[in-house]
Amino acid sequence: MTDLPLSGVKIVDFCWIGAGSYTTKLLADLGADVIKVESTRSLDSLRLASPYAGGIRGVNRSGYFADRNSSKRSITINMKEPRGVAIVHRLIRDCDIVANNFRPGTMEKLGVGYETLRHINPGLIFIGMSMNGDEGPDRTMLGYGITIAALTGFLGLSGYPDREPTGTGTNYPDHVPNPCHGAFAIMCALRHKARTGAGQSIDMAQTEPMLSLMPIPVMEHGANGRTVGRTGNRLAGYAPRGVYPVRGEDRWIAISIASDTQWRALCAVLGGSDLGKVEWVEEAGRHAALDVIDRAIAARSADHDGYALMQALQDRGVPAGVVQNAADLVDHDPQLKHRGHWRYLPHSEMGNSLYNGPPFQFASGPIGPRFAAPLLGEHTVEILTERAGLSLSDIDDLTEQGVLV
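Position 247 (the sequence shown) corresponds to 247 in my numbering; numbering is contiguous.
Rather than coming from a laboratory, the hints here were simulated on the basis of the structure.
Remember, predicted model here, so these are calculated numbers, not experimental data.
Ideal Cβ placement from N, Cα and C applies to all residues, glycine included.
The reader is advised that the hints may include incorrect statements.
Claimed, not checked - Straight-line alpha carbon distances no greater than 27 Å define the calculated DSS-like cross-link-like pairs of lysine-lysine that follow: (1) LYS277 - LYS10; (2) LYS193 - LYS80; (3) LYS80 - LYS109.
Unchecked claim - Using C-beta positions, here's what the derived DEER-type ranges look like: (4) PRO161 - GLN361: 30 to 36 Å; (5) ALA194 - GLY55: 28 to 34 Å; (6) ASN325 - GLY351: 32 to 38 Å; (7) GLY229 - VAL281: 25 to 31 Å; (8) GLN361 - ILE56: 42 to 48 Å; (9) ILE56 - VAL292: 50 to 56 Å; (10) GLY351 - ARG295: 22 to 28 Å.
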(Lines of atoms letter the chains of each structure in order from A and count residues from 1; the text may use other names and numbers.)
(Lines give C-alpha, C1' and ligand atoms only; values in the text may rest on other atoms or scores of the structure.)
Protein backbone atom coordinates (compact mmCIF):
# COMPACT_ATOMS: atom_id res chain seq x y z
CA MET A 1 0.00 0.00 0.00
CA THR A 2 2.50 2.62 -1.18
CA ASP A 3 0.25 4.65 -3.48
CA LEU A 4 -2.45 5.63 -1.02
CA PRO A 5 -4.76 8.68 -1.32
CA LEU A 6 -2.83 10.74 1.25
CA SER A 7 0.69 9.53 0.48
CA GLY A 8 3.07 12.48 0.80
CA VAL A 9 0.93 14.40 3.32
CA LYS A 10 2.91 15.15 6.49
CA ILE A 11 1.23 15.64 9.86
CA VAL A 12 2.68 16.55 13.25
CA ASP A 13 0.21 15.22 15.79
CA PHE A 14 -0.09 16.59 19.35
CA CYS A 15 -3.47 14.93 19.95
CA TRP A 16 -4.25 12.90 23.05
CA ILE A 17 -6.89 10.37 24.03
CA GLY A 18 -9.83 9.86 21.65
CA ALA A 19 -11.26 12.36 19.19
CA GLY A 20 -8.08 14.04 18.01
CA SER A 21 -6.07 10.82 17.89
CA TYR A 22 -8.81 9.11 15.91
CA THR A 23 -8.94 12.04 13.48
CA THR A 24 -5.25 11.73 12.63
CA LYS A 25 -5.47 7.92 12.59
CA LEU A 26 -8.06 8.15 9.81
CA LEU A 27 -5.58 10.18 7.76
CA ALA A 28 -2.62 7.94 8.68
CA ASP A 29 -4.46 4.82 7.53
CA LEU A 30 -4.98 6.53 4.17
CA GLY A 31 -1.27 7.15 3.71
CA ALA A 32 -0.41 10.36 5.58
CA ASP A 33 2.89 10.34 7.47
CA VAL A 34 1.68 11.13 10.99
CA ILE A 35 4.32 11.86 13.63
CA LYS A 36 2.82 11.58 17.11
CA VAL A 37 4.65 13.91 19.50
CA GLU A 38 4.85 12.29 22.94
CA SER A 39 6.89 12.38 26.13
CA THR A 40 7.68 9.94 28.91
CA ARG A 41 7.19 12.89 31.27
CA SER A 42 3.60 13.53 30.18
CA LEU A 43 1.95 10.43 28.74
CA ASP A 44 -1.11 10.31 26.53
CA SER A 45 -3.46 8.80 29.13
CA LEU A 46 -4.90 6.50 26.48
CA ARG A 47 -1.62 4.56 26.60
CA LEU A 48 -2.64 3.45 30.09
CA ALA A 49 -6.26 2.67 29.25
CA SER A 50 -7.54 -0.90 29.29
CA PRO A 51 -7.86 -3.41 27.76
CA TYR A 52 -4.24 -4.52 27.90
CA ALA A 53 -2.80 -7.28 25.75
CA GLY A 54 -2.54 -10.42 27.87
CA GLY A 55 -3.92 -8.47 30.82
CA ILE A 56 -0.48 -6.95 31.41
CA ARG A 57 -0.51 -3.19 32.01
CA GLY A 58 2.05 -1.15 30.11
CA VAL A 59 2.48 2.00 28.01
CA ASN A 60 2.77 -0.12 24.86
CA ARG A 61 0.04 -2.66 25.64
CA SER A 62 -3.24 -0.73 25.46
CA GLY A 63 -5.59 -2.06 22.81
CA TYR A 64 -7.60 1.15 23.08
CA PHE A 65 -4.54 3.27 22.29
CA ALA A 66 -3.48 0.89 19.52
CA ASP A 67 -6.73 1.10 17.58
CA ARG A 68 -6.69 4.92 17.74
CA ASN A 69 -3.07 5.26 16.61
CA SER A 70 -2.44 2.76 13.84
CA SER A 71 -0.15 3.75 10.96
CA LYS A 72 1.53 6.50 13.02
CA ARG A 73 5.15 7.06 14.05
CA SER A 74 6.06 8.16 17.59
CA ILE A 75 8.73 10.57 18.76
CA THR A 76 9.46 11.52 22.38
CA ILE A 77 10.33 15.17 22.99
CA ASN A 78 10.31 17.19 26.18
CA MET A 79 8.27 20.25 25.15
CA LYS A 80 9.28 22.07 28.35
CA GLU A 81 12.84 22.19 26.99
CA PRO A 82 13.53 25.05 24.53
CA ARG A 83 15.72 22.72 22.48
CA GLY A 84 12.82 20.29 22.25
CA VAL A 85 10.55 23.04 20.95
CA ALA A 86 13.22 24.04 18.42
CA ILE A 87 13.36 20.46 17.12
CA VAL A 88 9.59 20.39 16.74
CA HIS A 89 9.79 23.65 14.78
CA ARG A 90 12.17 21.90 12.38
CA LEU A 91 9.69 19.07 11.89
CA ILE A 92 6.86 21.54 11.27
CA ARG A 93 8.84 23.61 8.76
CA ASP A 94 8.01 21.21 5.92
CA CYS A 95 4.84 19.54 7.19
CA ASP A 96 1.30 20.09 5.91
CA ILE A 97 -0.79 19.80 9.07
CA VAL A 98 -0.43 20.29 12.82
CA ALA A 99 -3.24 18.82 14.94
CA ASN A 100 -4.12 19.12 18.61
CA ASN A 101 -7.13 18.70 20.89
CA PHE A 102 -5.94 20.68 23.91
CA ARG A 103 -7.74 23.52 25.66
CA PRO A 104 -7.26 26.91 23.95
CA GLY A 105 -3.93 28.47 24.86
CA THR A 106 -2.09 25.21 25.54
CA MET A 107 -0.27 25.10 22.21
CA GLU A 108 0.79 28.72 22.69
CA LYS A 109 2.26 27.86 26.10
CA LEU A 110 4.22 25.02 24.49
CA GLY A 111 5.62 27.37 21.85
CA VAL A 112 3.71 25.82 18.98
CA GLY A 113 0.66 28.07 18.61
CA TYR A 114 -0.60 28.92 15.14
CA GLU A 115 0.71 32.50 15.11
CA THR A 116 4.21 31.19 15.83
CA LEU A 117 4.04 28.29 13.40
CA ARG A 118 2.60 30.18 10.43
CA HIS A 119 5.76 32.30 10.31
CA ILE A 120 7.81 29.10 10.20
CA ASN A 121 5.52 27.49 7.61
CA PRO A 122 3.12 29.91 5.83
CA GLY A 123 1.28 27.08 4.09
CA LEU A 124 0.57 25.22 7.32
CA ILE A 125 -2.88 23.84 8.12
CA PHE A 126 -3.43 24.00 11.88
CA ILE A 127 -6.43 22.34 13.53
CA GLY A 128 -7.41 22.81 17.16
CA MET A 129 -10.15 20.48 18.44
CA SER A 130 -10.95 21.84 21.89
CA MET A 131 -14.25 21.05 23.58
CA ASN A 132 -15.92 24.43 23.03
CA GLY A 133 -13.72 26.20 20.51
CA ASP A 134 -11.10 28.93 20.78
CA GLU A 135 -13.41 31.79 21.78
CA GLY A 136 -16.45 32.31 23.99
CA PRO A 137 -17.36 32.17 27.69
CA ASP A 138 -16.89 28.39 27.95
CA ARG A 139 -13.68 28.14 25.95
CA THR A 140 -11.57 26.84 28.86
CA MET A 141 -13.94 24.12 30.05
CA LEU A 142 -12.55 20.63 30.52
CA GLY A 143 -14.41 17.57 29.39
CA TYR A 144 -14.52 14.07 27.96
CA GLY A 145 -17.05 12.30 25.78
CA ILE A 146 -19.74 12.13 28.45
CA THR A 147 -19.27 15.86 29.18
CA ILE A 148 -19.83 16.70 25.52
CA ALA A 149 -22.81 14.33 25.33
CA ALA A 150 -24.35 16.10 28.34
CA LEU A 151 -23.74 19.67 27.17
CA THR A 152 -25.16 19.01 23.71
CA GLY A 153 -28.36 17.35 24.92
CA PHE A 154 -27.43 13.93 23.54
CA LEU A 155 -27.36 12.40 27.01
CA GLY A 156 -30.76 13.86 27.81
CA LEU A 157 -32.30 11.87 24.96
CA SER A 158 -30.72 8.55 25.91
CA GLY A 159 -32.70 6.28 28.22
CA TYR A 160 -36.28 5.90 29.40
CA PRO A 161 -38.61 8.77 30.34
CA ASP A 162 -39.01 7.66 33.96
CA ARG A 163 -35.29 7.10 34.61
CA GLU A 164 -32.07 9.09 34.71
CA PRO A 165 -30.21 9.79 31.44
CA THR A 166 -28.18 6.79 30.31
CA GLY A 167 -25.03 7.01 28.22
CA THR A 168 -23.95 4.75 25.40
CA GLY A 169 -21.34 2.94 27.48
CA THR A 170 -18.55 4.65 25.58
CA ASN A 171 -17.29 8.15 24.84
CA TYR A 172 -19.46 8.29 21.73
CA PRO A 173 -18.51 11.83 20.60
CA ASP A 174 -14.85 10.75 20.52
CA HIS A 175 -15.50 7.91 18.12
CA VAL A 176 -17.86 9.12 15.41
CA PRO A 177 -18.96 12.76 15.00
CA ASN A 178 -15.79 14.53 16.09
CA PRO A 179 -13.13 12.52 14.24
CA CYS A 180 -15.21 12.44 11.06
CA HIS A 181 -15.87 16.19 11.12
CA GLY A 182 -12.24 16.89 12.05
CA ALA A 183 -10.89 14.77 9.20
CA PHE A 184 -13.37 16.35 6.79
CA ALA A 185 -12.31 19.86 7.83
CA ILE A 186 -8.66 18.94 7.26
CA MET A 187 -9.41 17.51 3.82
CA CYS A 188 -11.28 20.69 2.87
CA ALA A 189 -8.31 22.78 4.03
CA LEU A 190 -5.94 20.60 1.98
CA ARG A 191 -8.15 21.15 -1.06
CA HIS A 192 -8.15 24.91 -0.41
CA LYS A 193 -4.37 24.87 -0.13
CA ALA A 194 -4.04 22.92 -3.39
CA ARG A 195 -6.15 25.58 -5.14
CA THR A 196 -4.72 28.70 -3.53
CA GLY A 197 -1.43 27.75 -1.89
CA ALA A 198 -2.68 29.19 1.41
CA GLY A 199 -2.69 27.42 4.73
CA GLN A 200 -5.08 28.30 7.54
CA SER A 201 -6.13 27.68 11.13
CA ILE A 202 -9.19 25.51 11.80
CA ASP A 203 -11.05 26.14 15.06
CA MET A 204 -13.26 23.11 15.74
CA ALA A 205 -15.48 22.86 18.82
CA GLN A 206 -16.11 19.22 19.69
CA THR A 207 -19.55 20.07 21.05
CA GLU A 208 -20.88 21.26 17.71
CA PRO A 209 -20.64 18.08 15.59
CA MET A 210 -22.86 16.40 18.18
CA LEU A 211 -25.64 18.89 17.45
CA SER A 212 -25.87 17.59 13.89
CA LEU A 213 -26.96 14.22 15.32
CA MET A 214 -30.08 15.71 16.90
CA PRO A 215 -32.18 17.27 14.13
CA ILE A 216 -35.56 16.18 15.51
CA PRO A 217 -35.23 17.72 19.01
CA VAL A 218 -33.68 20.91 17.66
CA MET A 219 -36.26 21.32 14.89
CA GLU A 220 -39.11 20.46 17.27
CA HIS A 221 -38.00 23.25 19.58
CA GLY A 222 -37.38 25.69 16.75
CA ALA A 223 -40.66 25.02 14.97
CA ASN A 224 -43.02 24.26 17.84
CA GLY A 225 -41.31 25.41 21.03
CA ARG A 226 -41.56 21.87 22.39
CA THR A 227 -38.78 20.08 24.27
CA VAL A 228 -38.37 16.44 23.32
CA GLY A 229 -37.43 14.13 26.19
CA ARG A 230 -36.27 10.56 26.54
CA THR A 231 -38.41 7.96 24.77
CA GLY A 232 -36.40 4.78 25.25
CA ASN A 233 -36.41 2.81 22.01
CA ARG A 234 -39.59 4.41 20.72
CA LEU A 235 -39.72 6.91 17.87
CA ALA A 236 -42.57 8.67 16.10
CA GLY A 237 -43.48 6.94 12.85
CA TYR A 238 -42.60 3.46 14.12
CA ALA A 239 -45.07 1.20 15.89
CA PRO A 240 -43.65 -0.82 17.45
CA ARG A 241 -39.92 -0.13 17.70
CA GLY A 242 -37.94 -1.87 20.39
CA VAL A 243 -35.46 -4.47 21.59
CA TYR A 244 -36.91 -7.85 22.53
CA PRO A 245 -35.49 -10.98 24.19
CA VAL A 246 -34.52 -14.05 22.19
CA ARG A 247 -33.24 -17.46 23.25
CA GLY A 248 -30.04 -17.41 25.31
CA GLU A 249 -28.57 -15.42 28.18
CA ASP A 250 -28.65 -11.66 27.56
CA ARG A 251 -29.59 -12.13 23.90
CA TRP A 252 -31.84 -9.62 22.15
CA ILE A 253 -33.19 -8.54 18.80
CA ALA A 254 -34.08 -5.04 17.59
CA ILE A 255 -37.25 -4.74 15.51
CA SER A 256 -38.60 -1.60 13.80
CA ILE A 257 -42.05 -1.52 12.22
CA ALA A 258 -42.50 1.45 9.88
CA SER A 259 -45.63 0.34 8.00
CA ASP A 260 -48.79 -1.70 8.32
CA THR A 261 -47.35 -4.17 5.80
CA GLN A 262 -44.34 -4.78 8.03
CA TRP A 263 -46.66 -5.24 11.00
CA ARG A 264 -48.58 -7.97 9.19
CA ALA A 265 -45.31 -9.67 8.30
CA LEU A 266 -44.16 -9.56 11.94
CA CYS A 267 -47.45 -11.10 13.05
CA ALA A 268 -47.10 -13.85 10.45
CA VAL A 269 -43.61 -14.77 11.66
CA LEU A 270 -44.36 -14.65 15.39
CA GLY A 271 -47.90 -16.02 15.14
CA GLY A 272 -50.51 -15.85 17.89
CA SER A 273 -53.96 -14.36 17.98
CA ASP A 274 -52.95 -11.81 20.62
CA LEU A 275 -50.96 -9.87 17.99
CA GLY A 276 -53.72 -9.99 15.41
CA LYS A 277 -56.19 -7.61 17.02
CA VAL A 278 -58.25 -5.58 14.58
CA GLU A 279 -57.47 -2.32 16.38
CA TRP A 280 -53.74 -2.88 15.75
CA VAL A 281 -54.01 -3.29 11.99
CA GLU A 282 -53.24 0.39 11.48
CA GLU A 283 -50.39 2.42 12.95
CA ALA A 284 -52.58 4.77 15.01
CA GLY A 285 -54.10 1.86 16.89
CA ARG A 286 -50.71 0.35 17.59
CA HIS A 287 -49.34 3.64 18.91
CA ALA A 288 -52.13 3.68 21.48
CA ALA A 289 -51.16 0.23 22.77
CA LEU A 290 -47.36 0.07 22.53
CA ASP A 291 -46.83 -1.22 26.08
CA VAL A 292 -49.19 -4.14 25.50
CA ILE A 293 -47.71 -4.86 22.07
CA ASP A 294 -44.14 -4.81 23.40
CA ARG A 295 -45.04 -7.37 26.07
CA ALA A 296 -46.77 -9.61 23.54
CA ILE A 297 -43.81 -9.51 21.14
CA ALA A 298 -41.34 -10.20 23.96
CA ALA A 299 -43.34 -13.22 25.11
CA ARG A 300 -43.10 -14.74 21.63
CA SER A 301 -39.61 -13.65 20.59
CA ALA A 302 -38.08 -15.20 23.72
CA ASP A 303 -38.70 -18.69 22.29
CA HIS A 304 -36.81 -17.97 19.05
CA ASP A 305 -33.15 -18.21 18.11
CA GLY A 306 -32.11 -14.63 17.45
CA TYR A 307 -30.40 -15.16 14.09
CA ALA A 308 -33.17 -17.42 12.78
CA LEU A 309 -35.78 -14.84 13.78
CA MET A 310 -33.74 -12.03 12.22
CA GLN A 311 -33.51 -13.93 8.94
CA ALA A 312 -37.21 -14.82 8.93
CA LEU A 313 -38.17 -11.18 9.48
CA GLN A 314 -35.66 -9.85 6.94
CA ASP A 315 -37.00 -12.33 4.37
CA ARG A 316 -40.42 -10.72 4.81
CA GLY A 317 -39.13 -7.15 4.60
CA VAL A 318 -39.05 -6.37 8.31
CA PRO A 319 -35.99 -4.44 9.59
CA ALA A 320 -34.58 -6.64 12.35
CA GLY A 321 -31.11 -7.16 13.78
CA VAL A 322 -29.64 -9.29 16.52
CA VAL A 323 -27.98 -7.24 19.28
CA GLN A 324 -24.45 -8.51 18.76
CA ASN A 325 -21.56 -8.55 21.19
CA ALA A 326 -17.83 -8.31 20.44
CA ALA A 327 -17.44 -12.07 19.99
CA ASP A 328 -20.28 -12.08 17.46
CA LEU A 329 -18.72 -9.22 15.52
CA VAL A 330 -15.12 -10.42 15.47
CA ASP A 331 -15.55 -14.19 15.25
CA HIS A 332 -18.85 -14.87 13.55
CA ASP A 333 -20.28 -11.95 11.54
CA PRO A 334 -20.34 -13.19 7.92
CA GLN A 335 -20.73 -9.74 6.36
CA LEU A 336 -17.74 -8.25 8.16
CA LYS A 337 -15.71 -11.34 7.26
CA HIS A 338 -16.71 -11.02 3.61
CA ARG A 339 -15.64 -7.38 3.52
CA GLY A 340 -12.38 -8.07 5.35
CA HIS A 341 -13.16 -5.48 7.99
CA TRP A 342 -10.95 -6.87 10.75
CA ARG A 343 -7.20 -6.59 10.28
CA TYR A 344 -4.43 -8.29 12.27
CA LEU A 345 -1.13 -6.44 12.46
CA PRO A 346 2.10 -7.54 14.17
CA HIS A 347 3.11 -5.50 17.22
CA SER A 348 6.45 -5.99 18.95
CA GLU A 349 4.95 -6.13 22.46
CA MET A 350 1.34 -7.19 21.92
CA GLY A 351 1.92 -9.71 19.16
CA ASN A 352 -0.62 -10.14 16.38
CA SER A 353 -3.21 -7.49 17.26
CA LEU A 354 -6.74 -6.77 16.06
CA TYR A 355 -7.54 -3.48 14.30
CA ASN A 356 -10.59 -1.98 12.64
CA GLY A 357 -10.34 -1.62 8.90
CA PRO A 358 -11.89 1.37 7.12
CA PRO A 359 -15.68 1.37 6.62
CA PHE A 360 -15.23 2.02 2.90
CA GLN A 361 -13.31 0.37 0.08
CA PHE A 362 -11.65 1.97 -2.94
CA ALA A 363 -11.86 0.36 -6.36
CA SER A 364 -8.31 1.59 -7.03
CA GLY A 365 -6.78 -0.75 -4.48
CA PRO A 366 -6.61 -1.86 -0.84
CA ILE A 367 -6.61 0.68 1.99
CA GLY A 368 -6.51 0.43 5.75
CA PRO A 369 -4.08 0.34 8.66
CA ARG A 370 -0.55 0.01 7.27
CA PHE A 371 1.21 -0.94 10.47
CA ALA A 372 0.49 -1.29 14.18
CA ALA A 373 0.42 1.58 16.65
CA PRO A 374 3.90 2.74 17.65
CA LEU A 375 5.80 1.99 20.81
CA LEU A 376 6.41 5.09 22.90
CA GLY A 377 9.22 6.94 21.11
CA GLU A 378 9.77 4.06 18.70
CA HIS A 379 10.69 6.27 15.74
CA THR A 380 12.59 9.07 17.50
CA VAL A 381 15.96 8.32 15.90
CA GLU A 382 14.44 7.59 12.50
CA ILE A 383 12.44 10.83 12.42
CA LEU A 384 15.19 13.10 13.71
CA THR A 385 17.80 11.83 11.27
CA GLU A 386 15.37 11.82 8.37
CA ARG A 387 13.40 15.03 9.00
CA ALA A 388 15.44 17.20 11.39
CA GLY A 389 18.96 16.51 10.11
CA LEU A 390 20.34 15.41 13.48
CA SER A 391 23.24 12.97 13.78
CA LEU A 392 23.20 9.90 16.01
CA SER A 393 25.64 11.57 18.39
CA ASP A 394 23.37 14.65 18.55
CA ILE A 395 20.44 12.42 19.41
CA ASP A 396 22.41 10.58 22.10
CA ASP A 397 23.47 13.87 23.68
CA LEU A 398 19.95 15.31 23.64
CA THR A 399 18.56 12.13 25.15
CA GLU A 400 21.09 12.23 28.00
CA GLN A 401 20.25 15.89 28.59
CA GLY A 402 16.53 15.16 29.00
CA VAL A 403 15.39 16.74 25.72
CA LEU A 404 14.34 13.59 23.86
CA VAL A 405 12.35 11.91 26.62
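Please check whether GLN361 and ILE56 have a Cβ separation lying inside 42 to 48 Å.
At roughly 35 Å between Cβ atoms, ILE56 and GLN361 fall outside 42 to 48 Å, so the hint is violated.
ALA194 and GLY55, beta-carbon distance inside 28 to 34 Å?
violated (47 Å)
The hint says 30 to 36 Å between PRO161 and GLN361; measuring C-beta to C-beta, is that right?
At roughly 41 Å between Cβ atoms, GLN361 and PRO161 fall outside 30 to 36 Å, so the hint is violated.
Are GLY351 and ARG295 spaced within 22 to 28 Å by their CB atoms?
Because 48 Å falls outside the window, the suggested range is violated.
Given pair status - LYS10, LYS277, alpha carbons within 27 Å
violated (64 Å)
Taking 25 to 31 Å as the hint, is the beta-carbon distance of GLY229 and VAL281 inside that range?
Given a distance of about 29 Å, which is inside 25 to 31 Å, the answer is holds.
Does LYS193 pair with LYS80 here, judged by a C-alpha cut-off of 27 Å?
violated (32 Å)
Quick one: are ILE56 and VAL292 within 50 to 56 Å, going by C-beta?
Distance hint for ILE56, VAL292 holds at roughly 52 Å.
A range of 32 to 38 Å was offered for this pair. Does it hold for the Cβ distance of ASN325 and GLY351?
violated (23 Å)
Hey, LYS80 versus LYS109, does the alpha-carbon distance stay inside 27 Å?
holds (9 Å)
The structure is inconsistent with the numbered hints 1, 2, 4, 5, 6, 8, 10, although it conforms to all the rest.
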